[in-house]
Amino acid sequence: MRVLLIHQNFPGQLCHIANDLKARPGVELLAVGRDTAPGLPGVRLLRYRPHRGPHPTTHPYLISYEDAVLHGQAVLRALQPLAGRGYRPDVILAHPGWGETLFLKDLFPGARLIHYCEYFYHGRGADADFDPEFLLSLDGAARLRARNALHLLNLENADAGICPTHWQHSLHPAAYRDKLHVAHEGIRTELLGPDPKAALTLPNGRTVRAGQKIVTYVARNLEPYRGFHVLMRALPALLRAEPDCQVVIVGGDGVSYGNAPTDAANWREKLLCENPMDLNRVHFLGKVPYEVYRKVLQVSAAHVYLSYPFVLSWSLLEALASGCRIVASDTAPVREVMRDGVNGHLVSFFDGEAWVERVRGALRDDRLAMRKQARLTAERFSVLGAQATYRSLLGVPELAMVE
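For the sequence shown, position 173 matches number 173 in the numbering used here, and the numbering has no gaps at all.
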């Protein structure tokens, strides 16, 4: 069976299923990614690069679509020589968000095309109009509507799709929902868990340990979409109320979602300037290796997770798997995972005072039941379950049991 995996940043969200498939007899695996994709050991990666970017005179609403066409064209050209030598995939699994799969049904009409349908944009009722501090203009709403042209084509072209959460599934047009399955890509729960002896050495040389008052926060990049502005505005009050607590923050200074600030190099610098605090107690680690990240979760006494109504972060699930006491925003799709008072605490996204009080409570909460429930919740998102679901959708036969 020939399986073609496509992701601009391969492996990205396809990492776990790629690792599973490459070890399965009878599966011939090929991946396609941009020239900047990290790749995955043991998986042949065909790299592509668009021959140009969008034209400077392209209408602003259409820039993202032209860019998608260029990506799709580049992938088509990269695969054409293989097709000319007889390569025909049985199934294609792809993240289509950058346009890579736009023309693959023309090259491989017999292949089953399965899309990872991460998000469908809305001007109202989701992330775009959620935060009153960053109002969506009419021009911005129109741009989002035009941006969905790519995603509508992706939905039309796909034979089936996969959405990570029920809420993300609900954002897609009703006409296509029947062919979209809800299945999270999974996390490595077996690599995560509490460690009462965990210790973490901070950039200033100080070592913090499990059992101390350590507040943690993790995001790919420190930005409003993940509530970084809410956290930073609440921290001075928390530090005053808890003079013996330390705060450990993981995340880069780039922008994954939304926009960079106009009056500072990044959101960290801007919010530190507006909210001065003791940097001997608030520690910015930047982006860290996985082992350091795991120790951050293991030393955590209270883990803060905030998010606009948007895609669900792996970090929330990994914090659950680590048995963290979590204070999370009462937003979609977080509510699909968190139950207030059962496996953590939910707080209104914008209520800074409530955040401080909930975090203070979590620092003093020594109940093991909530940590246990957190870990049980995470097991629903284990890689093993996700791989089985993906294999079923791909049509990969299960291995026969040996008596």
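It should be emphasised that the hints constitute simulated quantities derived from the structure, not laboratory data.
Among the clues, some could well be false.
[To be verified] Okay, the calculated beta carbon distance ranges per label pair:
(1) K287 - A175: 47 to 55 Å
(2) P60 - G252: 21 to 29 Å
(3) R77 - N280: 42 to 50 Å
[As the list claims (entries may be wrong)] With a Cα cut of at most 25 Å, we get these calculated DSS-like pairs of lysine-lysine:
(4) K105 - K213
(5) K197 - K372
(6) K105 - K179
The beta-carbon is built from N, C-alpha and C at its ideal position, and this holds for glycine as well.
How the hints compare with the structure:
no.: 1; hint: K287 - A175: 47 to 55 Å; in the structure: 40 Å, violated
no.: 2; hint: P60 - G252: 21 to 29 Å; in the structure: 27 Å, holds
no.: 3; hint: R77 - N280: 42 to 50 Å; in the structure: 54 Å, violated
no.: 4; hint: K105 - K213; in the structure: 55 Å, violated
no.: 5; hint: K197 - K372; in the structure: 18 Å, holds
no.: 6; hint: K105 - K179; in the structure: 17 Å, holds
Violated hints, listed in ascending order, are 1, 3 and 4; each of the other numbered hints is respected by the structure.
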